[in-house]
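Taking the hints into account, I'd like the entire structure generated from these sequences.
Chains as they are written, first to last, in the numbering used here: chain A, 1 to 331; chain B, 332 to 590.
Any given hint could be a false lead.
In silico DSS-like pairs for lysine-lysine, Cα to Cα no more than 25 Å straight-line [to be verified]:
#1 126/A x 82/A
#2 532/B x 14/A
#3 73/A x 63/A
#4 82/A x 533/B
#5 122/A x 171/A
#6 122/A x 63/A
#7 63/A x 587/B
#8 73/A x 586/B
#9 63/A x 533/B
#10 532/B x 82/A
#11 171/A x 73/A
#12 124/A x 82/A
#13 14/A x 587/B
Have a look at the derived ranges for each label pair, beta carbon to beta carbon [claimed, not checked]:
#14 588/B x 67/A: 34 to 40 Å
#15 446/B x 67/A: 27 to 33 Å
#16 520/B x 172/A: 58 to 64 Å
#17 576/B x 122/A: 48 to 54 Å
Since the hints were made in silico from the structure, they are not lab data.
Beta carbons are placed, not taken as given, at the ideal position from N, Cα and C, and that holds for glycine.
Now for the letters of each chain:
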Amino acid sequence: MIELDGLTKRFGNKVAVDQLSCVIRPGMVTGFLGPNGAGKSTTMRMMLDLDNPTSGSVRIDGKHYRELSEPLKYIGALLDAKAMHGGRSAYNNLLCLAQSNRIPERRVAEVLDTVGLTAVAKKKSKGFSLGMGQRLGIASALLGDPEILMFDEPVNGLDPEGIHWIRNLMKTLASQGRTIFVSSHLMSEMALTADHLIVIGQGRLLADTSMADFIHENSRSYVRLRSPQQERLRDVLHQEGVVAVEAAGGTLEVDGATTEDLGELAARHSIVLHELSAQRASLEEAFMQMTAGSVEYHAHSEPAGGAPPPPPEGPQWGGAWNQQSGDGKEA
Amino acid sequence: MASVPAVLTSEWTKIRTVSSTTWTLISAFLVTVAIGAALSAVMNAQFDDLSDAERATFDPTFVSFSGMILGQLAMVVFGVLVVGTEYSSGMIRTSLAAVPQRATFLFSKMLVAGVLALVVGLITGFVTFFLGQALLGDHGTDIGADNVLRAVVGGGLYMGLIALFSMGVAAMLRSSMLSLGILMPFFFLVSQILSAVPGAKKVAQYFPDQAGSKIMQVVPDAMNSDPAPYGPWAGLLIMVGWVAAAVIGGFLVLKKRDA
Numbered sequence: 001m002i003e004l005d006g007l008t009k010r011f012g013n014k015v016a017v018d019q020l021s022c023v024i025r026p027g028m029v030t031g032f033l034g035p036n037g038a039g040k041s042t043t044m045r046m047m048l049d050l051d052n053p054t055s056g057s058v059r060i061d062g063k064h065y066r067e068l069s070e071p072l073k074y075i076g077a078l079l080d081a082k083a084m085h086g087g088r089s090a091y092n093n094l095l096c097l098a099q100s101n102r103i104p105e106r107r108v109a110e111v112l113d114t115v116g117l118t119a120v121a122k123k124k125s126k127g128f129s130l131g132m133g134q135r136l137g138i139a140s141a142l143l144g145d146p147e148i149l150m151f152d153e154p155v156n157g158l159d160p161e162g163i164h165w166i167r168n169l170m171k172t173l174a175s176q177g178r179t180i181f182v183s184s185h186l187m188s189e190m191a192l193t194a195d196h197l198i199v200i201g202q203g204r205l206l207a208d209t210s211m212a213d214f215i216h217e218n219s220r221s222y223v224r225l226r227s228p229q230q231e232r233l234r235d236v237l238h239q240e241g242v243v244a245v246e247a248a249g250g251t252l253e254v255d256g257a258t259t260e261d262l263g264e265l266a267a268r269h270s271i272v273l274h275e276l277s278a279q280r281a282s283l284e285e286a287f288m289q290m291t292a293g294s295v296e297y298h299a300h301s302e303p304a305g306g307a308p309p310p311p312p313e314g315p316q317w318g319g320a321w322n323q324q325s326g327d328g329k330e331a
Numbered sequence: 332m333a334s335v336p337a338v339l340t341s342e343w344t345k346i347r348t349v350s351s352t353t354w355t356l357i358s359a360f361l362v363t364v365a366i367g368a369a370l371s372a373v374m375n376a377q378f379d380d381l382s383d384a385e386r387a388t389f390d391p392t393f394v395s396f397s398g399m400i401l402g403q404l405a406m407v408v409f410g411v412l413v414v415g416t417e418y419s420s421g422m423i424r425t426s427l428a429a430v431p432q433r434a435t436f437l438f439s440k441m442l443v444a445g446v447l448a449l450v451v452g453l454i455t456g457f458v459t460f461f462l463g464q465a466l467l468g469d470h471g472t473d474i475g476a477d478n479v480l481r482a483v484v485g486g487g488l489y490m491g492l493i494a495l496f497s498m499g500v501a502a503m504l505r506s507s508m509l510s511l512g513i514l515m516p517f518f519f520l521v522s523q524i525l526s527a528v529p530g531a532k533k534v535a536q537y538f539p540d541q542a543g544s545k546i547m548q549v550v551p552d553a554m555n556s557d558p559a560p561y562g563p564w565a566g567l568l569i570m571v572g573w574v575a576a577a578v579i580g581g582f583l584v585l586k587k588r589d590a
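Right, dumping it as structure tokens:
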């Protein structure tokens, strides 16, 4: 279990992490989500005591990182793939880490086998591709068989087979009761792996919720209809008391009705349909909406010195979506 | 707290598993011995051409250590790379995650690399001394003569201290390129030139290499060099002061700055 308490990091005037408090629990994959520059990596570096917090603290099973006598046995981390000496072989890079924490040497061969690098164990790591470097970093995280694992953007640079592998690895590790903390800027990736979600934007906590709740509150399902007899279709829907919203591309979107009902309705009135499909608003859109006010690097510039809009409060997400669903679709 | 023997083992593995260790230390040995031997042979052949003052202060031990001026540069590279590659490779974050106690981490690394540099320095010192004396022929001296053993062992200490100083500087600057860019010209050019410029030499003789190298002289003001206001051991102590400052500075930077 990791506890963050009022964690704050300032670089000069710039606040990278702002009063972040949350708890990362064992036995599940906790996703750490935020746009680029939201402060995810800074937070993770503070958790490993690499960066000094401006204020606040991080406790790992109740202790500060520096109080852990052999930290690799408590917490394994993949921060960036190239954090190894390129002139040293993969095996020796892991060996010196193992020795520093009195981890038996046989673990080096074991973790290299786990990540599938046994064949290149004696090769210098500077010749490694990004994906191989990522695997070596994961091997170093697994070295001490720790109860807590932290991965910063682990799927970066991995091929589809590698992405599949890391997803399964994280789920397996979580099912063994370990604490898995994984950062990403991709909601779609989190939706596939995370059980719990911590969302930050501009260093501030935006959401701390289970994945199931997040999906429930943020993904609106609706039915999309397209017909050459659009006007008639609208009238019929109106008569039946069904609210249809006109959407992009001359389609109609209907909330709270099934495709079966709408198909039968159209058939009864002999209306030709070109499309009748169940849709689900993507979580990606929900995520973008949540972090819209706190994205660090917009494609367009904002007036200098403008205060960022306040972050949305937790209970508003569901409501916010419905109010702005039309805008969201067109964006 | 991390187990110190475990961290020492780990640092030893780091040092022995990179090729730069081998080539920098072999270079330090070869360059020092080869140039020392060459100058000893030249001095033997041209002894009669030396000025009276130079002949009066002729120091066969110091002559055989002439290669140190270039050989120390290889030691500088060794020291800088031991610390600097942690930063250039990004390994420092992995290393500090494994050993979060900054003092244990840095001082273990410096101890292991410093002892290795000292051992190589001592071997280099004895080899270059005996080879140099053999080539100096009748003008040579004996290891049993007064102060000679002190000078030869001092040569080894000097090399170890140069490596430690470089490690401290690299820890302060957190970059191999920057450290080499400052230390190489300093030891090879700035220090050598300033020690020959009237007026500047009063300051230059307190530079770590100028002060430390006095330990390798058996005859005071060897080879008619400028007299120093300190003896061989005091000179070495001045160098130790520089090394301590660099090492403490490096530690404070590691402790205060974000990795």
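Status of the hints after comparison with the structure:
1. 126/A x 82/A: Since the Cα atoms of residue 126/A and residue 82/A sit roughly 9 Å apart, the hinted pair holds (cutoff 25 Å).
2. 532/B x 14/A: violated, 48 Å
3. 73/A x 63/A: It holds: about 14 Å lies between the C-alpha atoms, which stays within 25 Å.
4. 82/A x 533/B: violated, 47 Å
5. 122/A x 171/A: It is violated: about 30 Å lies between the C-alpha atoms, which goes past 25 Å.
6. 122/A x 63/A: Violated, at about 37 Å.
7. 63/A x 587/B: holds, 21 Å
8. 73/A x 586/B: Holds - the C-alpha atoms of residue 586/B and residue 73/A are around 23 Å apart, at most 25 Å.
9. 63/A x 533/B: It is violated: about 54 Å lies between the C-alpha atoms, which goes past 25 Å.
10. 532/B x 82/A: Roughly 46 Å separates the two Cα atoms, so the pair is violated.
11. 171/A x 73/A: holds, 20 Å
12. 124/A x 82/A: holds, 12 Å
13. 14/A x 587/B: holds, 19 Å
14. 588/B x 67/A: 34 to 40 Å: With a Cβ separation near 21 Å, residue 588/B and residue 67/A fall outside 34 to 40 Å, so the hint is violated.
15. 446/B x 67/A: 27 to 33 Å: About 30 Å separates the Cβ atoms of residue 446/B and residue 67/A, which means 27 to 33 Å holds.
16. 520/B x 172/A: 58 to 64 Å: holds, 59 Å
17. 576/B x 122/A: 48 to 54 Å: Between residue 576/B and residue 122/A, where Cβ atoms are some 41 Å apart, the hint is violated.
In terms of the numbered hints stated before, the structure departs from hints 2, 4, 5, 6, 9, 10, 14, 17, listed from lowest to highest.
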